[in-house]
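The task is simple: from the sequences and hints, build the whole structure.
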Amino acid sequence: MMNNDMTGLLNLAYEIEGLLLLRINRGDETPSEMKELLAGKAKLLADALAACDAAVVCDAPAADADAAVEEQEAEAEAEIPAETAAVSHEDADVRTPESEIAESVEAEEKADADEAPSGLTLDEKLARERAADISKAFTLNDRFRFCRELFRNSNEEFKETLEVIGSMADMDEAEEYFYNDLCWDSEKEEVKEFMAIVAKHF
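According to the UniProt record's numbering, the sequence shown holds residues 1 to 202 in order.
If you are wondering where the hints come from, they were derived from the structure by calculation, not from laboratory data. Treat the hints with care, since some could be wrong.
[Stated by the list, open to error] Derived pair list, reagent style BS3-like, types lysine-lysine, alpha-carbon separation capped at 25 Å:
1) 136 x 159
2) 192 x 136
3) 159 x 188
4) 159 x 43
5) 200 x 188
6) 188 x 136
7) 192 x 159
8) 159 x 200
9) 200 x 136
10) 136 x 35
11) 35 x 159
In structure tokens, the structure reads:
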């Protein structure tokens with residue numbers, strides 16, 4: 001079990017590295033959601049590493065170490081929304097991140113609809129609208145399969161990845177993130193199908 005924990009920590013570190021590279025590349029254009037996501041993942045990694053160090057020092061049974069890591073992760077996940085809420089209350093205009101995301105998606109969809117050539121068929125227009133919001137591009141079956149095969153059965157990681165994709169500028173940036181930063185195998189069937197859906201987004 002300790003090996004799985006270390007693999008999870010390594011994957012989390014790769015995700016943080018990818019987010020940092022994305023933030024460096026985007027500079028001031030980095031969305032605030034990505035900054036919050038990066039801070040949350042960094043805290044989760046720090047807490048998990050502290051729990052692993054404590055488990056090694058205490059020579060506790062492996063089950064206790066696993067429980068401690070899970071408890072630390074649960075505490076870290078519980079603390080992240082509280083920090084986000086505290087930040088949003090400081091602003092004069094109190095809005096939830098979900099409402100801001102929804103408003104930005106609606107604005108993007110409206111802009112895309114305005115820019116769309118009038119010669120498109122209804123099917124093409126609908127496909128573009130669905131692809132504009134990356135979360136709508138995945139069917140329910142796709143979500144379950146990709147969560148299981150690519151995101152270690154974590155719906156939360158899947159959602160966070162979709163948020164990261166939504167903030168990317170182009171397909172090259174997405175490929176660099178998945179293949180170089182997360183070290184996904186480009187020959188794996190699930191990865192090919194996932195990337196094909198992502199390509200439609202751009």
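Point to revise | Restraint check for residue 200 with residue 136, where alpha carbons must lie at most 25 Å apart | key: Measuring from Cα to Cα gives roughly 11 Å; hence the hint holds.
Practice item. Compare the distance between the alpha carbons of residue 192 and residue 136 with 25 Å, and conclude whether the hinted pair is satisfied. Key: holds (18 Å)
Check your understanding: Can the restraint linking residue 159 and residue 200 be considered satisfied, given a maximum Cα separation of 25 Å?
Key -> holds (18 Å)
Review point. Is it true that the CA of residue 136 sits at most 25 Å from the CA of residue 35?
Key: holds (23 Å)
Check your understanding: For the pair supplied as a hint, residue 136 and residue 159, is the alpha-carbon distance within the 25 Å limit?
Key -> holds (12 Å)
Check your understanding: Hey, residue 192 versus residue 159, does the alpha-carbon distance stay inside 25 Å?
Key -> Distance ~19 Å between residue 192 and residue 159 Cα, so the pair holds.
Check your understanding: Holds or violated: are the alpha carbons of residue 200 and residue 188 at most 25 Å from each other?
Key -> holds (19 Å)
Practice item. Below or equal to 25 Å on CA atoms is what counts here, so check residue 159 against residue 43. Key: holds (18 Å)
**Study point:** Satisfaction of hint between residue 159 and residue 35, Cα-Cα up to 25 Å
**Key:** OK: residue 35 and residue 159 at ~15 Å, within 25 Å.
Point to revise | Hinted pair residue 188 and residue 136, Cα distance within 25 Å | key: holds (23 Å)
**Study point:** Restraint check for residue 159 with residue 188, where alpha carbons must lie at most 25 Å apart
**Key:** Judged against 25 Å, a Cα distance of about 21 Å means the pair holds.
Of the numbered hints listed earlier, not one is contradicted by the structure.
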